[in-house]
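Construct all of the structure, not just a fragment, from the sequences and the given hints.
Here our numbering is used: position 564 in the sequence shown is 564, and no number is missing along the way.
Read the hints as simulated data drawn from the structure, not as lab findings.
Idealized CB from N, CA, C, for every residue including glycine.
It is possible that part of the hints are untrue.
[To be verified] Derived DEER-like restraints, expressed as beta-carbon distance ranges:
id, residue 1, residue 2, range
1, D453, M408, 15 to 21 Å
2, G536, E328, 49 to 55 Å
3, Q411, S122, 51 to 57 Å
4, Q446, V527, 19 to 25 Å
5, A130, T386, 38 to 44 Å
6, T31, M408, 29 to 35 Å
7, S467, L26, 54 to 60 Å
8, H433, I126, 47 to 53 Å
[What the hints assert, rightly or not] The list that follows gives simulated cross-link-like pairs (lysine-lysine, DSSO-like), each with its CA atoms no further than 30 Å apart:
id, residue 1, residue 2
9, K120, K145
10, K245, K566
11, K531, K550
12, K79, K40
13, K161, K149
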Amino acid sequence: MIGVAPNALFVCGVEMTNPVVRPTDLPTWKTLEAHAAQMKPQHLKDLFAADDARFDKFSLSLPSFLFDYSKNLITDETKAALLALAKESDVEGWRSKMFAADHINATEDRAVMHVALRDKSSKPIIIDGADARPAIDAELERMRKLSEKLRSGAWTGYTGKTITDIVSIGIGGSNLGPLMVCEALKDYSDKRFNMHFVSNIDGVQISDVLSGLNPETTLFVISSKTFTTQETMTNARTAEQWFMKAAGDRAAIAKHFVAVSTNRKLVTAFGIAEENIFDMWDWVGGRFSLWSAIGLPIVLFLGYALFDELLQGAYEMDQHFQTAPLAENAPVMLALVGIWNRNFLGYPAHALLPYDQCLHRFPAYMQQAEMESNGKSVNWAGEEITYGSVPLVWGEVGINGQHAFYQMLHQGTDIIPADFIGSIAPTVKVEGHHDALMANFFAQTQALMLGIDADQVRRELSAKGVSAERIEEIVEHKVHRGNRPTNTFLLNKVDARSLGALIALYEHKIFVQGIIWRIHSFDQWGVELGKVLAAGIQPELDTGKATNPKHDASTRNLIDFYKRMKGA
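Rendered as structure tokens:
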């Protein structure tokens, strides 16, 4: 947090008397800048031609997946310099601080302990002087019991009917994490419940969901730390009105609504029974919270055993991150390659391309995790940074992307590094499909790396009988210059344990990059401003109210136009 003394900086509760050392001032940063100038003219296909052992040098095998980063424009020298940067940035020291529950979320003066939620050891978890393990275990046990009560039919609705549909209402981290996991693992579900998610304040979404449901057999999970989040509470009130129209009696709410929140007063005022309120902690950020009671929709939909497997996979990755040497540490190497591509090679974006349909929400989930965490422009001291922080993160299921934006990936003016995520065994076996999918998976990273030059194009077209004159007209249009970097993750199978490990891998990547960039990864002040302004604007949208004359001319006229047309 920023202290009371002018320009005083507190990190982990300790005042820093020296200014924050900018990464650009580190000797290794300058070494990497010089090295990047030497590497930029090189081509990946030449590096592979010169060293057939690249894969062995630049890949890591973990219990749940293989991580290959050899198709990046790196050499042994690059790797050594990046590892030196991690050392010089004290990544290991800051990693220890995080796992020790130091207040590394300095702007909010909080610990960052989502890792505690999946800690499978029996050791005490000391956070702010107290052992948090009993509270964590108790909350997990309550989640398990609710799931079993619903699944067994012991929990019934206000007319005595068992629950058939669950609607999760939340926004941001209270939505994307559970949604992504439920989608990824739905083929492991016993189909006991139909799962629905509502996040958008646009009434179309909740209207669509509610239109197909029966109030007598529907359970709502409302997830909001403060129970005041506008999007969530607007949808929650709409759900309440829909339910009350059928039930009539407010006492029935207790049988059809549960909540994940810290604001027990507002939750109970809503009508939710005290025993159906699940706790959150301020040392867990929203986008890292699916491991907590925010994951209740996962537990209800998939059953507690699968949720526990998810936690186990994440815990195994936590152990790997804590204990593996930096050179053999998957989150560290993923982060360092990302730093290399972003800050030294100057690539502005990064694509996430899963070749498993079940992971179709993974890019959106990681987009939030990375860009909300590291989308910052000031360092720990509040000074404007002069280097790039998080790149634009985006993506889509690979096969769909091939017929949409891969054209730009292969031949566009910007080089966009990409993570390809595939699996050895499919979640659902359909004869002939998975090998066809994976053939594309392997071919795309190869094509992005190798490309095809003009001479190859000429030979291919000539072999097809195309005239020399026609060949010269189109040859440059068919050239792929290649040299486009990719990482490849090959999972044994997309299951709960491998998914938990994969999510934790990216969480730790975010942490490492934030430390090197000297930015606070665990606050999200940029989310707040628009919400504050929206709260002021909403009353003005009533056609009988005056528009605030202090708005800028564009906003003022847009609001006035909206009101005129709405009135018409």
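Practice task
Identify every previously stated hint that the structure contradicts and give their numbers, smallest first.
Solution key: Hint 4 contradicted; others consistent.
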